[in-house]
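**Q** Take a look at the letters that make up each chain.
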Amino acid sequence: MATTTLSSNQSPTGNPALRVFNDVVGGLRSAMRVMGYNKAGMIASWFLVVVVVVCFVAPVVIPEPGPDYANIYAAPSAVHPLGTDFQGSDVLAQVLRGGEVVLVVAGVAAALSVFISITLGAISAYAGGGVDTIITGLADVVLTIPNFPLLAVLAAYLRLNNPILLALLIAVLGWPTLLLSVRSQVLSLKERDYVEAARALDLGTRHILFNEILPNMRAYIVMYFVTSMTGAIYAQVGLYLLGFAPLSGDNWGIMLNLAWYRGAIFFKNSFWYIMAPIVAISVVQFAMVTVTRSLEEAFNPRLRKEG
Amino acid sequence: MGDTVMNHVASSGGDIANTADVVLSVKDLWIEYLTSRGPVRAVRGATFDLHQGESLALIGESGSGKTTLGLSLIRLLPHTARIPQGQITYRRKDRTSEVLSLGAEDMRRFRWEECAMVFQGAQNALNPVLTIRDQFVDTVQAHRRQGQRQIHERAEELLRLVQLEPDRVLRAYPHELSGGMRQRVLIAMSLLLQPQILILDEPTTALDILTQRAVIDVLRRLKEQLGFATIFVSHDLSLAAELADRVATMYAGRIVELGPVDDIFYRSAHPYTKALLEAVPTVVGNDEKLISIPGSPPDLRNLPEGCPFHPRCAFVEDRCRTSDVPVEWVSNRQEVACLRWRDVRGEVKS
Amino acid sequence: MSTITVPLPKTSPAKSTVSSVVDWIRRNYYVARSAKALITIYIVTTISFFVVHLMPGSPVEVYIYTLMAQYGVSYETAQNQAAALFSVNVNEPLGLQYLDYLGALLHGNLGNSLLSPGTSVASVMLEYMPWTLFSVGVALFISFVLGIVLGMVMAFRRESVLDHILSFLGSLFHSIPNYIIGILLVVILGIQLNLIDIASMRGSFSPGVKPAVSLHFFLDALYHAALPVLTYVLTTVGSWMLLMKSNTTSTLGEDYVTVARARGLGDWRIMTAYVGRNAVIPLVAQVAVAAGFAVGGSILIETLFVYQGIGWVLNSAIAQRDYTVMQGIFLVITFSVVLANLLADLLYGKIDPRVRVQSESGG
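Protein chains in written order, with the working numbering: chain P, 1 to 307; chain E, 1 to 350; chain A, 1 to 363.
Calculated from the structure, these hints are not laboratory results.
Some hints could be false.
[Claimed, not checked] Partial list, computed: chain E residues near chain A (C-beta under 8 Å):
#, residue
1, Ile74
2, Leu76
3, Trp112
4, Phe119
5, Asn124
6, Leu126
7, Pro128
8, Asp138
9, Thr139
10, His143
11, His175
[Stated by the list, open to error] Taking CB as the label site, the calculated pair distances span:
#, chain 1, residue 1, chain 2, residue 2, range
12, E, Pro84, A, Gln286, 44 to 50 Å
13, P, Ala40, A, Pro282, 23 to 29 Å
14, A, Leu38, E, Ala104, 51 to 57 Å
15, P, Gly66, A, Thr66, 37 to 43 Å
16, P, Val54, A, Val306, 32 to 38 Å
17, A, Gln286, E, Glu305, 57 to 63 Å
18, E, Asp28, A, Trp268, 35 to 41 Å
19, P, Gly66, A, Thr119, 42 to 48 Å
20, E, Glu305, A, Trp268, 48 to 54 Å
[Stated by the list, open to error] Now the stretches of chain A that chain E is said to cover, found in silico as 3 or more residues with beta-carbon under 8 Å:
#, region
21, 267-274
22, 277-285
23, 347-354
Where is the CB? At the ideal position from N, CA and C, for every residue including glycine.
Throw the hints in and build the complete structure from the sequences for me.
**A** This is the structure in structure tokens:
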């Protein structure tokens with residue numbers, strides 16, 4: 001994988017939180033730059049930004065739609081542009097408010113996954129030898145265990161009152177995929193000149209990892225994060241759909257569950273009740289996959305079309 | 001079209017119909033590659049004849065157009081290549097055909113049956129998932145209806161000719177053979193259908209010196225035994241010395257000199273040929289300085305006016321920089337594209 | 001890729017037998033892969049055992065107390081029943097329970113279902129597993145074949161309209177979660193357009209039809225598996241297509257393809273034996289892996305369509321807290337995945353002559 005050699009705008013060795021923030025912003029900026037030539041990727045990224053904004057603003061601005069039993073499964077109208085659900089609540093309001101939890105859980109899960117896999121991956125690649133074998137062996141095992149069934153079992157029995165716990169669970173099962181990519185990336189970076197130089201200068205492992213290797217993976221980290229989020233959304237909504245995640249609130253996953261099991265499929269008028277979360281989820285997933293793919297293309301010039 | 005008028009002051013070697021034993025006649029062939037920055041002309045007005053059973057060496061640096069010329073003879077140029085002008089006439093017994101106008105199916109038959117090309121770098125020239133035997137069978141069955149038994153026997157024959165052990169080689173997959181063995185397999189395969197012409201592109205490059213020797217010996221013996229015509233494409237003059245009857249030197253897509261091997265080596269008439277000869281160190285050390293050709297290889301997109309070699313030529317004069325260079329006959333067998341060939345032959349530099 | 005050669009071990013007298021055995025295992029491709037698979041299965045077995053027994057509100061304890069509450073039996077009686085069902089004895093220390101469990105496993109005893117006492121977990125497995133295998137098998141076959149063919153077409157017609165459309169569709173269907181595609185199929189085709197009769201497609205075979213080796217049964221089974229299969233094919237064909245397209249494109253650039261044309265080989269022969277065979281090699285190994293994952297992911301699709309395979313059973317087992325069945329299914333699914341991965345590795349060795357083990361040195 002060809003790495004874009006970035007100018008080393010090292011964050012000052014100081015507050016680690018500041019450094020991480022710097023890295024994140026730097027990563028986003030380089031990712032955007034690297035993707036600049038790819039129209040689809042750009043459109044998808046901006047679209048995602050809009051989605052994130054709407055999802056976080058809506059719950060504040062739009063009040064929770066209350067039940068209106070006279071109006072169950074109403075057809076779309078001026079008052080209810082997407083109709084109503086099995087309780088008469090407005091679907092549009094629900095779908096606008098429903099993204100926040102999904103995105104937060106996915107974001108936290110992804111952040112955790114990325115953090116775990118980067119830490120373990122970097123250590124594994126840098127240390128090599130026995131440590132490497134153990135970590136990759138562990139990753140292999142976790143990878144082989146069927147992810148979703150295990151998730152389902154655990155989710156059903158551990159009282160997951162807090163969505164953050166759900167995120168944790170997803171992250172714990174999701175990191176191995178990333179680890180392998182991180183590890184191979186670090187392995188290739190390890191051989192670079194500036195790392196050799198740093199080592200010769202005896203700058204210490206921690207310094208090398210945080211100041212030489214990781215900053216050059218910034219754009220990749222963004223890619224890993226987005227990929228992770230895609231998987232986390234899949235897992236989350238799947239759990240909601242099967243009823244293994246706590247069914248309180250009105251996020252997209254719960255909407256899907258209720259729409260499916262409360263018989264939205266039997267009412268033609270309620271088409272939008274089930275379509276709303278479907279469209280929302282699908283569109284977000286597709287945008288994320290597009291972003292990932294265009295980042296991949298940018299990193300691997302061989303995938304680019306001639307021109 | 002073309003920025004050089006090729007005045008072929010011809011006497012002998014003219015019309016193919018006249019000479020009974022010419023098997024291939026290339027006339028004024030131009031080949032260009034389409035790039036994002038415009039067409040790049042790789043071959044400019046190449047003209048030569050190939051006689052039955054003769055070996056012709058095409059010598060030149062990389063970028064001289066020799067490989068492109070070779071590929072064009074079987075029309076396996078990449079998609080970006082165009083042949084805006086020229087003729088390639090092929091003759092077998094009494095029938096002639098224009099290779100450039102052959103239809104797809106005829107062209108397919110032409111390849112390997114009439115003219116086989118052995119590419120350089122046999123590293124990856126064979127299908128990795130088929131045994132050598134299967135690939136021999138493939139080759140024959142694409143052209144003739146023959147049973148596997150028969151093909152197998154013929155393959156054994158040919159493999160022995162190239163000094164390989166048939167049993168072991170036929171059963172093997174390509175990756176199980178060494179580079180030199182694969183090269184020889186390809187040579188054996190090329191003779192399967194008894195083509196009239198064999199084109200060898202850098203047959204000894206990327207081989208170690210001992211294998212080179214073996215391959216050269218094999219080629220020489222095969223030529224004697226089977227009598228096919230050969231075109232060697234190479235940058236290696238010593239190869240030409242060993243195997244060629246006639247030598248053509250190419251520079252910037254043009255054939256700058258063409259003649260019998262002895263004449264080329266001992267009485268060369270083009271400064272480029274001469275320079276090439278002088279650049280080869282002799283084993284019999286005479287404390288001669290190594291003379292390399294000054295300057296750098298030509299930029300095909302940006303050729304200078306006049307003779308393309310003039311920036312590096314030891315015999316350059318003012319007129320070389322401005323006027324077109326026609327092909328002239330030095331003798332009835334040697335031709336050259338140089339304004340000062342007489343001086344070159346008589347070694348008078350300016 | 002170079003061949004992995006295994007020279008005959010020159011046993012030096014100083015070398016201990018253990019290390020030379022380990023060496024031999026590591027060098028022999030097939031044996032190493034199998035060993036790894038066994039270790040993984042062992043680890044997963046252990047994990048699943050401890051997960052079930054150490055979860056908050058250990059299912060064993062819950063079961064005992066439920067029995068006591070519902071039937072008013074004594075602790076010991078309940079305990080004994082639990083022991084029989086779980087193949088464990090809660091009185092023993094956990095370590096011994098673990099060993100008992102392993103012992104039972106090796107005898108093929110997965111315990112009995114909690115909710116249908118008398119039904120062994122193994123029999124549940126046998127009843128429902130074939131359906132999952134059937135639907136996954138059919139789906140994988142269709143998806144793979146379709147993917148290879150379309151992928152090759154896309155490679156030969158790069159940058160054409162067809163190429164772009166197929167790429168887009170493949171990518172689209174791949175990114176949307178498979179259960180959503182399933183729901184969409186039902187909602188759009190079934191409800192809105194009334195094209196298919198949802199109700200009759202429910203279940204793995206029509207009521208009243210006896211499982212038998214007959215065409216009628218086979219067709220009926222296909223009918224019922226149609227929705228899961230369609231969902232699966234739609235969501236996975238894109239990846240096969242794109243993978244095959246890129247493999248084919250790079251194979252087309254290989255020297256041996258040019259040489260094959262120089263040899264005058266026909267287009268069809270080149271397309272199949274020279275380009276196709278080489279391009280498809282990495283994918284064939286993936287098929288086995290994909291099968292493994294499909295079995296694992298079946299819980300969602302089967303629940304959605306009420307297709308009674310192993311995934312659907314798992315879902316109801318989770319919902320009804322039938323811990324032994326859950327544990328058993330979990331094991332079987334993992335075992336399938338491991339087996340599939342192992343098969344993939346072994347298969348790869350078989351179809352790519354470059355990755356072979358030779359016992360003679362040299363080549």
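**Q** It remains to establish, for every hint, whether it holds in the given structure.
**A** Now the hints, each set against the structure:
Interface restraint check for Ile74 of chain E: the shortest CB-CB distance to chain A comes to about 6 Å, inside 8 Å, so the restraint holds. For the restraint placing Leu76 of chain E at the interface with chain A, the shortest Cβ-Cβ distance is roughly 6 Å, inside the 8 Å limit, so the hint holds. Because the closest C-beta pair between Trp112 of chain E and chain A is about 4 Å apart, less than 8 Å, the hint holds. Interface hint status for Phe119 of chain E: upheld, as the beta-carbon distance to the closest one in chain A is roughly 6 Å, under 8 Å.
Among the interface hints, the one on Asn124 of chain E holds; its C-beta lies about 4 Å from the nearest C-beta in chain A, closer than the 8 Å criterion. A least Cβ separation of about 6 Å between Leu126 of chain E and chain A falls short of the 8 Å threshold, and the interface hint therefore holds. Given the 8 Å rule on beta carbons, the hint for Pro128 of chain E holds: about 6 Å separates it from the nearest Cβ of chain A. Look at Asp138 of chain E: its Cβ gets to within about 6 Å of chain A, closer than 8 Å, so that hint holds up.
Proximity of Thr139 of chain E to chain A holds as hinted, the smallest CB-CB distance being about 5 Å (cut-off 8 Å). The beta carbon of His143 of chain E comes within 6 Å of a beta carbon in chain A, closer than 8 Å, and the hint placing it at the interface holds. Interface restraint check for His175 of chain E: the shortest CB-CB distance to chain A comes to about 5 Å, inside 8 Å, so the restraint holds. Between Pro84 of chain E and Gln286 of chain A, the C-beta spacing of about 46 Å keeps the proposed range 44 to 50 Å intact.
Between Ala40 of chain P and Pro282 of chain A the beta carbon distance is about 26 Å. The supplied range of 23 to 29 Å therefore holds. The hinted range of 51 to 57 Å is satisfied by Leu38 of chain A and Ala104 of chain E, whose Cβ atoms lie roughly 55 Å apart. For Gly66 of chain P paired with Thr66 of chain A, a C-beta distance near 39 Å keeps the hint of 37 to 43 Å intact. Here the CB-CB span from Val54 of chain P to Val306 of chain A is close to 35 Å, well matched to the stated 32 to 38 Å.
A hinted range of 57 to 63 Å holds for the C-beta pair Gln286 of chain A and Glu305 of chain E, which are about 58 Å apart. Against the hinted window of 35 to 41 Å, the Cβ-Cβ separation of Asp28 of chain E and Trp268 of chain A comes to about 37 Å, which satisfies the hint. A hinted range of 42 to 48 Å holds for the C-beta pair Gly66 of chain P and Thr119 of chain A, which are about 47 Å apart. Taken as a hint, the range 48 to 54 Å holds for the pair Glu305 of chain E and Trp268 of chain A, whose Cβ atoms sit roughly 50 Å apart.
A stretch counts as covered by a chain when three or more of its residues have a beta carbon under 8 Å from one of that chain; for the region 267-274 of chain A and chain E the count is 3, and the coverage holds. Counting residues of the region 277-285 of chain A whose CB falls under 8 Å from any CB of chain E gives 3; the rule of at least 3 is met. Figure legend: the region 347-354 of chain A, annotated as covered by chain E; annotation consistent (4 residues with Cβ-Cβ distances under 8 Å, at least 3 required).
Hint compliance for this structure: every hint is met.
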